[in-house]
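Peer 1: The hints should help you fit chains B, C and D onto chain A, whose structure is shown.
Protein chains in written order, with the working numbering: chain A, 1 to 494; chain B, 1 to 494; chain C, 1 to 168; chain D, 1 to 168.
Errors might be hidden in some of the hints.
[As the list claims (entries may be wrong)] Each computed SDA-like pair below joins lysine to any residue, with the alpha-carbon atoms no more than 20 Å apart:
id: 1; chain 1: D; residue 1: K118; chain 2: D; residue 2: L80
id: 2; chain 1: D; residue 1: K40; chain 2: B; residue 2: G353
id: 3; chain 1: A; residue 1: K357; chain 2: D; residue 2: E56
Quick caveat, the hints were computed from the structure, so don't treat them as lab data.
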Amino acid sequence: MFKKILIANRAEIAVRIIRACKELGITSAAVYSTADKKTLHTRLADEAYHLEGNTSSETYLNKDKILALAKEIKADAIHPGYGFFSENADFIEAVEKAGIAFIGPSSKSVKMMGSKTAARELMKKHNVPIVPGTTESVKSIQEGKKIAREIGYPILLKAAAGGGGKGMRKIESEKDFDSAFESTKREALKSFANDDVYIEKFIDEPKHIEVQVFGDKRGNYVHFFERDCSVQRRHQKIIEEAPASVVDEETRQRITTAAINAAKACDYFNAGTIELLMDKNKDFYFLEMNTRLQVEHPVTELITGIDLVKEQISVAEGNKLSIKQDDLKINGHAVECRIYAEDPYNNFLPSTGKITKYVIPAGAGVRVDTGIACDSEISMYYDPMIAKLICWGADRTEAINRLTRALHEYQIAGVTTNIQFLLSVLENPIYLSGKFDIRFIEKEFEQLITNHRNLEELNNAAVIFAALMKNSASLKQQETKAITKNNWPGLLYE
Amino acid sequence: MFKKILIANRAEIAVRIIRACKELGITSAAVYSTADKKTLHTRLADEAYHLEGNTSSETYLNKDKILALAKEIKADAIHPGYGFFSENADFIEAVEKAGIAFIGPSSKSVKMMGSKTAARELMKKHNVPIVPGTTESVKSIQEGKKIAREIGYPILLKAAAGGGGKGMRKIESEKDFDSAFESTKREALKSFANDDVYIEKFIDEPKHIEVQVFGDKRGNYVHFFERDCSVQRRHQKIIEEAPASVVDEETRQRITTAAINAAKACDYFNAGTIELLMDKNKDFYFLEMNTRLQVEHPVTELITGIDLVKEQISVAEGNKLSIKQDDLKINGHAVECRIYAEDPYNNFLPSTGKITKYVIPAGAGVRVDTGIACDSEISMYYDPMIAKLICWGADRTEAINRLTRALHEYQIAGVTTNIQFLLSVLENPIYLSGKFDIRFIEKEFEQLITNHRNLEELNNAAVIFAALMKNSASLKQQETKAITKNNWPGLLYE
Amino acid sequence: MNNYIVTLDEQKHNITIAGENEIRLNDNPIEYELINLSHKNYLLRINNKFYDVYLENIDKEKITFLVNGTSYDVLIRTFLQEKASQLIQVQKMHDHLTEIKAPMPGMIIKINKQAGDKVEHGESVMILEAMKMENEVRAPKEGIIEKIVVNQNSPVDKGGLLFTIKNH
Amino acid sequence: MNNYIVTLDEQKHNITIAGENEIRLNDNPIEYELINLSHKNYLLRINNKFYDVYLENIDKEKITFLVNGTSYDVLIRTFLQEKASQLIQVQKMHDHLTEIKAPMPGMIIKINKQAGDKVEHGESVMILEAMKMENEVRAPKEGIIEKIVVNQNSPVDKGGLLFTIKNH
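Chain A on its own, in the form it takes in the complex (with noise of 0.2 Å):
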């Protein structure tokens, strides 16, 4: 049993991490930036380290600096939560020669599946469908533009070493090849430290339907169901559920039988997700696997009863899986939604800034998993992810109309935040229908915006609400004029 957890990651998910631990009796041990000292990770840790610096390679991305203190705190083992190192297999190489358990899957699983071109390259030899491109890295604009015109336009440009929607490019036509292909190569090479990029053929309008894996030490693999999250805006998934709704029984043991020989052909252990295309006839390809938990975990631990975390901290400890398939139902429906900083009304742009008024939802099959506290600030470095709201119901009815509920009750202030989006998508018709593909906010944006603050009452308050601060202030300023003399010209017009 482990003593102690380091946890090399930040906001939410060290939180969810660090729940865990308490849970388990664990210590558990945060890293946080300059930044990020006010975030909550650092205020909920039993201890919590400082790494001096803001960038992510000054501090969550500093392998050197986390080693060193894993080794100087005594740390049994790291998380990495998802992100930053959690399918870096150099550095789960160094922590594995350390001696310290890395709480997640092998380097040498890490490293068959992290580079996308190898993983395709796997997958196809194990006879599970890829999506039709390149599986080595495309080395130059004249060989990438070469590929791109044999498989026909549009195509996606990936990072080779890439995930989570960073590090990727739809390119329409050839004239914006050169630009993108830059572009990318830069982003892939900030985020990922390596800036190989390969070639996919685009399938249009699939749904994004991913299947939860785990393995143990021993040889042993369950599968927790799918999810879909096709709802995604710049590539990035921001609702997600489970089960899927357009997943029958005989899909459902065909893409699970497919994600569980996927596991096993890199000797997969602990959790992992192998992503997957859906085209309209419900085949499939593999688009990737990631070697670590997801953001949208919690809605498989809803429809499971299994805590994931801990199952990853089992694991990891050399434990047998601690349930067997045969004991695993699907027990009714989970959404989770994606609470940003950001303006969906701005091109889904960040916004930064200090968290002044923070109410979260509560109730009935309502869960909250945040990353911030009142207070704490949304900064430039990181991604702008404030919070996961997650409903469980009996059926997707329910817990999408707890969603909704609780939406309502979210109060953030000191950033914009994608909520009124959110909402938005949630009474959306097509969405409602569970017929939605990747592109759908793309496709419905127009009809996802302008259905914003259509609530005449709310507005009418608010309205209310202003001319009366306006008055209040008004005879503030005019009792201080009183007293005073002072004829301030900003008052000049009243």
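Peer 2: Frame of chain A; chains B, C and D shown alone:
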């Protein structure tokens, strides 16, 4: 389908019902007393109507006002919550006569079960075992003393119209009879508008086990298993759980069968609870039937996945029960803590005041049913419950560990709370063993209160914080003195 | 003095504060009650509905606040202020210069244009990196870059001027 | 001047503020950092652990606050104040009058005793009703009721004097 529901209650349970209405698309109409203007239910409801005054009889127990309001605003139904009018047959009859649906049982069933003495008689007839004692109300001190002598002290004196731990007193010996009799009658009259009292043999060290039953208006019945509510202080439950860890499958079969029979005996429909005392041999005695939703209903919701409030509304609309007994299974374990504004270290004395900071816990397995928000007030007029914290786990241990973790995250300023005390209970070996009875808190009291604040680290932080504040205040005063030469005598000793 | 014009999402509302509990919104009388819960926190009752309001910021003509969690950013003026601002607006119409400001703090990592360049509507002028994402800053209209006031690899604050476009 | 005695749960702690990031607690040096998040909200770091602190109230010698949700109510004095208070304490020992105050606001619904009555330790003197519960107000020691300052059916505030007991 109801379009509008008037919620004739306040705080936590009103919020619970409002949320269910919102999820169902039903307009929620709340009422509020003057003291409750800042309570959460007032803010969350779609409509909120002021009931002048503060005492219950002026407001939440004002039949004429509430009925007139229901008609005026065209409410299709009234939900009484728990307490107040929930078990008041006169009120229910008036609602029925006004052509408004009452979300609860018929006045007839309530009458049959409302008089605890008549209910005991009815159960006796239907072969449901009852606690030895009177099945009629006690007319005088003389008669009472005579009966008490016959069945032997200690006895319990209970309000015939009572429930929820109010209007009940244990009498150890005859010398205490007079004042207890008067006091119980007075309290009964005030709380239930009926001062009938009866006598029960005091059963030593029983468990309080209760079965959640549900009937529709077509004669169908289901039960939702049992709850263990033995952790009580001042005869009021403070920690409840489902299922009861001492109840094995065979016992469960016996008590749920008895519970369904009890419900049938009074032609019951909607949600009801059969409360039982269970002795160490797992023999059980009918205590009373609560003909309403219970405070602790969330633990049942968490292990069955059924939203009991929505089911109440559906059944009141005339629908069939949405589930069959065979489809119901116990899923995991749930434990609830009632967070009270009270001082466990001073005889659980209620605490009043304005809530100046309010941070609720979150994360996996955590549900918070709160009645207040920041800036709400806990007033002297009503029950001082702030919120219920309910945690689900795959097993009892996980549920308790989550509850402990979540209680540590709760932050409430402005009133004294029982959070530290609840934490002491959750780490008590007898509590953890599951072998506690209704005298658990009484018996373990010394242990439970000495356990508190054993965290040296936290105390050190407190001591250091105090010194830093004092120091910065002193520095400020010195600055002020330097400028104004104001030698305030309050600083005499500095 | 207690007559205001509130502009919300480009719509103007006319408000008269008629008494301690009465307001007229576009001439409709409305009963209200405003309770100050604590610093910046208010409960506003309008007829039979309460709203939870948090005041973020108030300055001369702009008020930012949350109503039941929905954020509002409104312009509010007295009648005289409104009239004056309309005059200023007319003035501005003659002025063809458009200022492009940083929508968030970040780092300028690439500049594709220079002063004097012609730009199309939607054309990329520079790349602003923030939160590990590259954001293209595009020309909001066609015209000629009048000046670029930032340098490559230099940080910018939110709202900081990036470049200006004049009509051609 | 930066030497304090903090009394928590009847235990005294000796604190010296040694610098901006160093404090001595009962002579042990401790590294700390105090961050003021917003009005009344602080983050306190002690070595490698953060605490979320909310300051409820501060007056001359008493500070009330929450640390990670746990409420604290401590006495804090400078060395001089501590010495003075010890002198006063000695004085009080000679004084045998005990004041019984209302532990919460409510209504006195019954008074069982009158001035001059002898009371046992734990004996009920009056009944205070609050939140629909009847709470017996009992004598904290044996003695004689010196005076009763409230009337039946009258409301009382929290902390309001109810009666006094003198030794006999």
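Peer 1: For every hint, state whether the structure bears it out.
Peer 2: Right, here's what the structure says about each hint:
| no. | hint | result |
| --- | --- | --- |
| 1 | D:K118 / D:L80 | violated, 41 Å |
| 2 | D:K40 / B:G353 | holds, 18 Å |
| 3 | A:K357 / D:E56 | holds, 18 Å |
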